[in-house]
Structures are given as structure tokens and as C-alpha cells.
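J.: One line per chain: the protein sequences are W and U, in this order.
Be aware that the first sequence starts at 59, since it is given in my numbering, and climbs by one per residue.
Be aware that the second sequence starts at 368, since it is given in my numbering, and climbs by one per residue.
Simulated from the structure, these hints should not be mistaken for laboratory data.
Treat the numbers as computed from the prediction; the structure is a model and nothing was measured.
Every residue gets a Cβ at the ideal spot worked out from N, C-alpha and C, and that includes glycine.
It is possible that some hints are incorrect.
Unchecked claim - Over 12 Å on every C-beta distance to chain W, these chain U residues come out as not near it, computed from the model:
no.	residue
1	Phe429
2	Arg457
3	Leu470
4	Ile509
5	Phe591
6	Ala595
As the list claims (entries may be wrong) - Computed footprint of chain U on chain W; a stretch qualifies when at least three of its residues, placed anywhere within it, have a C-beta under 8 Å from a C-beta of chain U:
no.	stretch
7	93–101
8	126–136
To be verified - Straight-line C-alpha distance at most 25 Å; calculated DSS-like pairs for lysine-lysine:
no.	chain 1	residue 1	chain 2	residue 2
9	W	Lys175	U	Lys493
10	U	Lys398	W	Lys174
11	W	Lys134	W	Lys248
12	W	Lys76	U	Lys493
13	U	Lys682	W	Lys76
14	W	Lys248	U	Lys493
15	W	Lys169	U	Lys493
16	U	Lys490	W	Lys175
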Amino acid sequence: MAEMDLHVRKKKMATEDKIFYTINAIILIIFAVVTLYPVLNTLAYSFNEGNDAVRGGIYLWPRKWSLSNYAEIFKKQGMWQGLKVTFARTLLATTLSLFANALLSYILSRKNFLFKKSLSLFWLITMYAQAGLIPSLILYRYLHLTGTFWVYIIPGMVSAFNVMVMRTYMEGIPDSLEEAAQLEGAGYLKVFWSIITPLCKPVYATIFLFGAVWNWNSWFDAMLYNRFEPKYTTLQYELMKLLDNVGTDGNNGTAANGQAINKVTPTTVRAAATIATMAPIIAIYPFLQRYFVTGLTIGGVKE
Amino acid sequence: MENSVSKSNFRKMDSEEKKPRLSAKEFGRQKVLVIISAIYVVYGLIFYYLPLVGWIMAFQNFIYADGITGSKFVGLDKFIFLFSDVKFLRVIRNTFCMGLLNLVFSTIFAIIFALLLNEVRNKWFKKSIQTISYLPHFLSWIIVVSIVHDALTSTGIINDLLMRFHIISEPYPFMAKPAWFWPIVTLSNLWKETGWNAIIYLAAITSIDPALYESASIDGAGRFQRIAYITLPSLRPTILILLLMNVGNVLNAGFELQYLLTNGLVQDWSRTIDIYILEWAMDARNMDYSLGTAAGIFKTVVSISLILIFNSIAKRKGEERLF
Chain W
59 MAEMDLHVRK
69 KKMATEDKIF
79 YTINAIILII
89 FAVVTLYPVL
99 NTLAYSFNEG
109 NDAVRGGIYL
119 WPRKWSLSNY
129 AEIFKKQGMW
139 QGLKVTFART
149 LLATTLSLFA
159 NALLSYILSR
169 KNFLFKKSLS
179 LFWLITMYAQ
189 AGLIPSLILY
199 RYLHLTGTFW
209 VYIIPGMVSA
219 FNVMVMRTYM
229 EGIPDSLEEA
239 AQLEGAGYLK
249 VFWSIITPLC
259 KPVYATIFLF
269 GAVWNWNSWF
279 DAMLYNRFEP
289 KYTTLQYELM
299 KLLDNVGTDG
309 NNGTAANGQA
319 INKVTPTTVR
329 AAATIATMAP
339 IIAIYPFLQR
349 YFVTGLTIGG
359 VKE
Chain U
368 MENSVSKSNF
378 RKMDSEEKKP
388 RLSAKEFGRQ
398 KVLVIISAIY
408 VVYGLIFYYL
418 PLVGWIMAFQ
428 NFIYADGITG
438 SKFVGLDKFI
448 FLFSDVKFLR
458 VIRNTFCMGL
468 LNLVFSTIFA
478 IIFALLLNEV
488 RNKWFKKSIQ
498 TISYLPHFLS
508 WIIVVSIVHD
518 ALTSTGIIND
528 LLMRFHIISE
538 PYPFMAKPAW
548 FWPIVTLSNL
558 WKETGWNAII
568 YLAAITSIDP
578 ALYESASIDG
588 AGRFQRIAYI
598 TLPSLRPTIL
608 ILLLMNVGNV
618 LNAGFELQYL
628 LTNGLVQDWS
638 RTIDIYILEW
648 AMDARNMDYS
658 LGTAAGIFKT
668 VVSISLILIF
678 NSIAKRKGEE
688 RLF
């Protein structure tokens with residue numbers, strides 16, 4: 059009798075489980091569709107013929123195939139220039155700032171360092187006491203950084219947040235390794251380069267990939283500091299100007315970029331530009347994925 | 368064996384000299400570190416501390432050609448103007464409300480998403496959903512705004528669906544309605560960041576001791592009871608720390624998206640403090656660096672106050688805290 063009861067209860071639970079898992083899966087699938095659909099829709103538009111697309115009704119597959127949208131964007135001078143600048147800054151700024159942050163993290167993670175506390179505080183303050191946009195703009199103008207490529211590289215080179223993340227990681231490395239090397243006569247820089255750096259590869263990779271994505275996606279500094287220097291435009295800024303040219307429901311509030319709105323860019327060309335700038339991110343996404351979970355967890359448990 | 372002994376000896380020595388004294392000998396030994404950190408300090412002073420000196424501009428009628436030393440001081444005039452400017456008061460309201468909406472909803476959605484994902488048994492399915500979920504985090508705001516625009520235009524997918532299900536009979540101009548701006552901003556943020564924000568909660572859920580769930584099941588706790596009495600309480604410290612970290616960012620959470628998404632019709636509800644500052648910095652006819660600096664000071668001071676206030680509340684209540 060009791061056994062029967064248990065059996066019925068188990069069966070009831072099994073059906074409840076089934077219902078729960080099904081509903082859960084449906085919710086998650088809806089979530090995934092909502093996330094992916096807009097991207098796939100843009101992809102479909104980018105391969106569709108321009109005049110045909112005006113009719114609407116394109117969902118996941120192009121109705122009238124065409125590669126002319128991509129041809130169109132590659133004909134644009136600004137796009138190529140933006141691509142070059144973005145590529146250069148992504149490589150240079152990310153590498154330099156990784157090195158700068160790593161070295162500072164190394165110094166701050168030395169237990170015996172005489173100024174450990176005061177220097178940590180010095181950098182912690184920069185995380186909160188932000189002077190704001192205009193004082194920085196004025197400073198860069200005084201330093202003759204505006205209107206140059208270097209405004210993308212130098213101002214953001216040291217980031218207190220990244221330093222805190224890397225320092226936490228380095229503090230987890232046993233002191234004995236450093237001490238053994240020091241006994242053999244290795245100096246601080248030698249220890250940093252040949253002991254700490256190889257052990258920090260995962261956290262370096264995380265910081266590098268995040269930095270690369272950030273640089274690739276940036277447009278605001280191009281608009282603020284270099285809008286009168288077309289040779290230092292960035293890819294995303296070019297994309298923004300392209301998207302801005304579509305008068306949707308009034309002006310886009312960005313009269314500041316000084317562009318006369320004379321030509322409306324077809325939706326399909328905008329879609330192609332969007333996909334083209336997104337492509338490199340999608341291409342490195344598998345690598346990104348491997349590292350960022352570690353990166354986030356390191357950052358999260360830092361307190 | 369020998370090795371482990373020497374290791375522990377090292378450690379002992381280490382803890383004994385935990386507080387190195389500032390002696391000439393020690394200084395000489397650490398010369399390299401000191402020199403390099405001096406270079407970093409110079410860099411930090413120039414790029415992080417020197418701009419703070421620029422706050423003087425807020426008390427001047429700053430003219431670029433005259434410089435900070437040559438511009439005339441006007442006391443608190445700029446702040447008085449700021450707080451009597453209806454536009455600025457609206458801007459404060461917009462920034463606070465959108466920042467708060469974002470903070471609350473992004474936290475709730477990230478937790479719900481993490482909970483749902485945690486209940487998935489099939490590893491492959493779980494992994495696929497998760498991979499898809501954080502993709503938008505890596506797309507630029509420009510791309511996201513373009514996607515949002517396309518979805519909400521008269522021929523976009525939202526109007527398409529609403530008309531197909533006969534909820535509306537003609538396309539609704541979402542982007543032209545001020546009342547829709549805040550919800551659109553909140554939803555765009557959710558679309559971009561929910562999967563990403565959930566990672567940290569998922570990590571926290573995985574670290575909960577499985578024995579807790581087992582004993583709860585034996586006591587007859589159902590799935591939802593286990594979530595309510597074990598998972599959520601275990602997440603409490605993580606949630607609090609993240610809220611404390613983000614509360615200082617409430618005023619920062621309103622720039623790229625709003626700037627790119629706005630248009631003339633919804634300006635009064637879309638403009639945030641950062642956009643207001645940018646307008647004073649970039650509008651050639653109406654440039655006023657002093658006003659923009661004053662608004663920036665307001666933002667930083669409020670942000671730091673928020674962090675300190677919430678941190679001290681947490682401290683008094685004996686909760687997790689930042690400092």
C-alpha cells in the first residue's frame with residue numbers, strides 16, 4: 059500500500075518535472091529567438107536587393123539576392139579609412155595598455171613594496187573621482203592630443219579596474235617562485251617577464267580580448283576629438299554617420315557631426331555595413347567565450 | 368620533505384617582514400619598482416588628477432583662448448544657472464529614472480535568467496542558449512541602436528507582429544512617442560546585457576553546496592521552495608555587492624544608447640546629464656565649457672555620495688559592503 063503511494067507520488071513528480079522542463083525550455087528558446095532574430099534579419103536584409111527591400115516582409119532569408127550592398131560600402135572612402143584606423147588602434151592600444159596594466163599590477167602585488175598602500179589608493183581614487191568630459195577634452199587640447207591618432211592610445215592606457223583584476227590574480231601566485239628566482243639573482247623586471255607573465259596568460263588573454271572588443275567598437279572618441287580629421291575616423295563612427303543619414307522621425311539630435319543630410323542611405327546598405335563591422339567580433343567570439351567567464355569571475359570575487 | 372620545510376620557513380619570514388620599513392637599504396633594493404611606479408604616478412597625475420584641477424572652470428566664465436589662469440571668476444553663477452534651467456532639471460530626472468529602471472530590471476532579469484538556465488538538464492542545450500545570450504554584449508551600441516530602430520519602424524517586426532495579431536490596425540510610431548522612450552531604453556539594455564549579467568549569478572549558483580538541496584528535497588521541499596529558501600538567500604551577498612557597485616553608476620548609465628536613439632520629438636524625456644554636457648561642449652554656436660564642467664561636477668559628486676551612503680547603510684546593517 060505504502061509502496062503504491064510512493065509509486066504514484068514519484069509518477070506525479072515525474073510529470074510535474076516534465077511540464078516544468080518543457081516550459082523552461084520554451085521560455086529559454088523564446089529568449090534565444092529574441093536575441094538572435096534581429097541579427098539574422100539584418101543579415102538577410104544585407105544580402106537583399108535595395109529597391110525590393112523597401113516593400114518590407116523580409117525575415118530570415120533574402121527575397122532577391124544581391125551583393126551590391128557590400129560593394130557599395132566598400133566603395134566608401136571613409137569606411138576604408140575607418141577600417142585602417144580602427145585596426146591600428148585596436149592592435150596598438152590593446153597591446154600597450156595590456157603591458158602597462160600588467161606591469162603596474164605586478165608592482166602593486168609585491169607584498170614588500172614600500173609604497174604598496176599609497177600607490178593602490180592613488181589608483182583606486184581614479185576609479186571614482188572622474189573629472190568629466192570637458193576637463194579631459196580641454197586637457198587633451200592643451201596637450202595637442204586632439205586631432206591626432208594618439209588620442210586613442212595614450213589617455214586610456216592605464217585602467218585602475220583592470221589593474222585591480224590583474225593584481226588579484228598575481229597575488230594568487232605563490233611567493234616561493236619569485237623568491238627562488240631572486241636567490242638566483244633575477245631582478246624585479248626579470249621576475250615579471252619570465253616568471254609572472256607566463257603564469258598570467260589566462261588573465262592577460264581576458265584583458266586583451268576585452269580591450270580589443272572595446273577598441274573595435276569605439277566611436278565616441280572619434281566624434282569628440284577627431285571629427286574634423288577624417289583621416290582619424292573609426293569604423294563605428296563611419297557606421298554611425300551612415301545610420302544617422304536616415305531621417306527617421308526627425309533629426310537624430312546629432313547635428314554636431316556637421317554632416318549635411320542630403321542622401322538617404324538605403325536600409326540594405328546600412329544592414330551590410332552593420333554586418334561588416336560586426337563580422338570580426340563574431341569571428342573571434344569562440345575565443346572570447348573561452349576567456350571571459352574566467353575574467354568575470356576573477357573580477358567578481360575580487361572584493 | 369626538505370622542500371616543504373624551506374617553503375614554510377619562507378612563509379614565516381614573509382609574515383615577519385610584512386611591514387617593510389622605509390630604510391635606505393630597502394629603498395635601494397626596490398629601486399626599480401620605485402622608479403617605474405614614479406612614472407605611473409606622473410601618468411596618473413596628468414591624465415586623472417590634472418583634469419580635476421579643471422573643475423576650476425566651473426567657477427569661471429571660461430574662454431579657451433584665455434586659459435584657466437586668464438578667465439574671469441564668476442563664483443557660483445554657473446551652478447545657479449544650472450539649477451534654474453528647466454532643461455537641466457529634466458535632464459536630472461531622465462538620468463535618474465532611466466538609470467534606476469535599468470538597475471532594477473537588469474538585476475531582476477539577470478537573476479531570473481540565471482535561475483532558468485540553472486534548471487536545464489541537457490548540457491548541450493544549456494551551453495547553446497548561454498552562448499547566444501551573451502553575444503549582444505559584444506556588439507557596439509551603434510549596432511544595437513540600429514537593430515532597435517529597425518525593429519520599431521512602421522515596417523519593423525514589432526509593428527508587423529502587432530498588426531498580424533490584430534492588436535493594432537496601423538503601425539504605431541514608437542520612436543516618436545515620449546512615453547515610450549524609457550521603456551525602449553530599458554528593453555534595449557535588457558536585450559544587450561541580460562545574458563552577460565547572468566554569468567556572475569550563474570557562477571554564484573553553481574558554488575552553492577549541493578548537500579543543501581539534497582537535504583531540502585528529503586524534507587519534501589519542491590523545486591520552487593528550494594529556489595526561494597536556498598538559491599535566492601545564497602545569492603544575497605552577490606546581489607548586494609553588485610547593487611552597491613552599480614549604484615554609483617546610475618548616473619553614468621545614460622549616454623551612448625540615449626544619444627544614438629533620441630530624436631527631436633522625444634528630447635525632453637531622452638536627454639541625460641552626459642548628453643547635456645556634450646551639447647555644451649560640441650555645439651559651436653552655443654559653447655559653454657564652464658556650464659558643462661559644472662554639470663559634470665554635479666554628476667561625480669552625486670555618484671560618490673550615492674556609493675558612500677549605500678555603503679554606510681550596508682555597513683550599519685551588517686551586510687556585505689565595498690569598503
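J.: Now, for every hint given, state plainly whether the structure supports it.
T.: Now for the hints, and whether the structure bears them out:
Residue placement check: phenylalanine 429/U does not keep its beta carbon more than 12 Å from all beta carbons of chain W (closest about 8 Å). At roughly 15 Å from the closest C-beta of chain W, the C-beta of arginine 457/U stays outside 12 Å, upholding its exclusion from the interface. Every beta carbon of chain W lies more than 12 Å from that of leucine 470/U, the smallest distance being close to 17 Å; the non-interface claim holds. For isoleucine 509/U, the shortest C-beta to C-beta distance to chain W comes to about 5 Å, within the 12 Å cut-off, and the non-interface label is violated.
Remark: the non-interface label on phenylalanine 591/U conflicts with the geometry, its nearest Cβ contact in chain W lying 9 Å away (cut-off 12 Å). Even its closest Cβ contact with chain W, about 15 Å, leaves alanine 595/U beyond 12 Å, as expected for a residue assigned away from the interface. Check result for the stretch 93–101 of chain W against chain U: holds, 7 residues qualifying (beta carbon to beta carbon below 8 Å, three or more required). Beta-carbon proximity to chain U at under 8 Å applies to 0 residues in the stretch 126–136 of chain W; the threshold of 3 is not reached and the given coverage is violated.
Straight-line distance between C-alpha atoms of lysine 175/W and lysine 493/U comes to about 44 Å, which puts the hinted pair past the 25 Å bound. Restraint check for lysine 398/U and lysine 174/W: the C-alpha separation of about 14 Å stays at or below 25 Å, so the hint holds. About 48 Å separates the Cα atoms of lysine 134/W and lysine 248/W, which puts this hinted pair outside 25 Å; it is violated. Note on lysine 76/W and lysine 493/U: the hinted pairing holds, with a Cα-Cα distance of about 17 Å set against a maximum of 25 Å.
Between the alpha carbons of lysine 682/U and lysine 76/W the distance comes to roughly 44 Å, so the proposed pair goes past 25 Å and is violated. Proximity of lysine 248/W to lysine 493/U is assessed by CA-CA distance (about 44 Å); at most 25 Å being required, the pair is judged violated. Of the pairs offered as hints, the one joining lysine 169/W and lysine 493/U is violated, with about 42 Å between alpha carbons and a cut-off of 25 Å exceeded. For the given pair, lysine 490/U sits about 45 Å from lysine 175/W by alpha-carbon distance, which is inconsistent with the 25 Å threshold.
Violation of the numbered hints given earlier is confined to hints 1, 4, 5, 8, 9, 11, 13, 14, 15 and 16; the remaining hints are satisfied by the structure.
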